[in-house]
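Undergrad: What follows is each chain in one-letter form.
Number of protein chains: 2
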Amino acid sequence: MIAVGDSYEKEIVVTDQMVRLFAEATGDKNPLHLDDAVAAKTKFGRRLVHGMLLAGLISKIFGMDWPGPGTIYISQSIQFLKPAFVGDPMILRLSVKEMPTPKRAVILTECYNKDNELLATGEGAVSLPREL
Amino acid sequence: MIAVGDSYEKEIVVTDQMVRLFAEATGDKNPLHLDDAVAAKTKFGRRLVHGMLLAGLISKIFGMDWPGPGTIYISQSIQFLKPAFVGDPMILRLSVKEMPTPKRAVILTECYNKDNELLATGEGAVSLPREL
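As you go down the protein sequences, you meet chains A and C in turn. Counted the way the working numbering counts, the first sequence spans residues 1 to 132. Counted the way the working numbering counts, the second sequence spans residues 1 to 132.
Hints listed in this document are in silico derivations from the structure and should not be mistaken for laboratory results. These figures come from a predicted structure and were not determined experimentally. Some hints could be false.
The list cannot tell twin chains apart, which means a pair is met if one copy fits it or any two copies do.
With a Cα cut of at most 35 Å, we get these calculated DSBU-like pairs of lysine-lysine [unchecked claim]:
no.: 1; residue 1: K41; residue 2: K103
no.: 2; residue 1: K114; residue 2: K41
no.: 3; residue 1: K43; residue 2: K82
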């Protein structure tokens, strides 16, 4: 089981394909995410990952990897601090901040780029899976 | 432009296809979302929409519909209160709660089922698009 201070880290690259699938799933086809030429003309200069796709990747870790199957999602917050670019390597760092009860964890959820700049931060609350 | 008290409502059905695209985009292939037989054996009885797909649909509205293009996402919180089922009609209700500055809005984001039960609630903060 997990305890306060435990952490989980995963390097990810959000690919063009992931962004296009997310755009189809949600209908969010803003060209800033999908069109290189449009993105190049903005202050960002390059295509951005949908912020909520980062949240979806955090959610995937909770449900499938850490704590893993049986985890129930209670809540999530996310602040978008800096742009996350399509194709750039990023690090998701999750760490257990509090356990209000033995079955419930509040997990700090951070996304960094390779320069160790914090791109997004927030907290997830989960109900932990039953021990096997 | 939008003002405190303004609201936006949209009926949505999260389809099987949307859930499968979201699962591919994020890697979250929990059978509770994808496999009828597995879901039938759980306390939910039916397949659940990924919670973060609901957040993605809210994000889509902000970026494309209301306030629309040029909106910059600052943050979002979401609490998952009751299960959202694949294929069921739902209502997304967004309403402007505060405007800390004329360019920034805090928007209450709620998702209801057809029985008017609140399935998910939270708040999004956005920077508003420049007036045309």
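Undergrad: Can you tell me if K43 and K82 fall within 35 Å by alpha carbon in one copy, between copies, both or neither?
TA: within (12 Å within a copy, 40 Å between copies)
Undergrad: At most 35 Å between CA atoms: does that hold for K41 and K103 within a copy, between copies, both, or neither?
TA: Answer is between: at 22 Å across copies they meet the 35 Å cutoff, but 49 Å inside does not.
Undergrad: At most 35 Å between C-alpha atoms: does K114 with K41 qualify within a copy, between copies, both, or neither?
TA: within (24 Å within a copy, 43 Å between copies)
No hint from the list above goes unmet by this structure.
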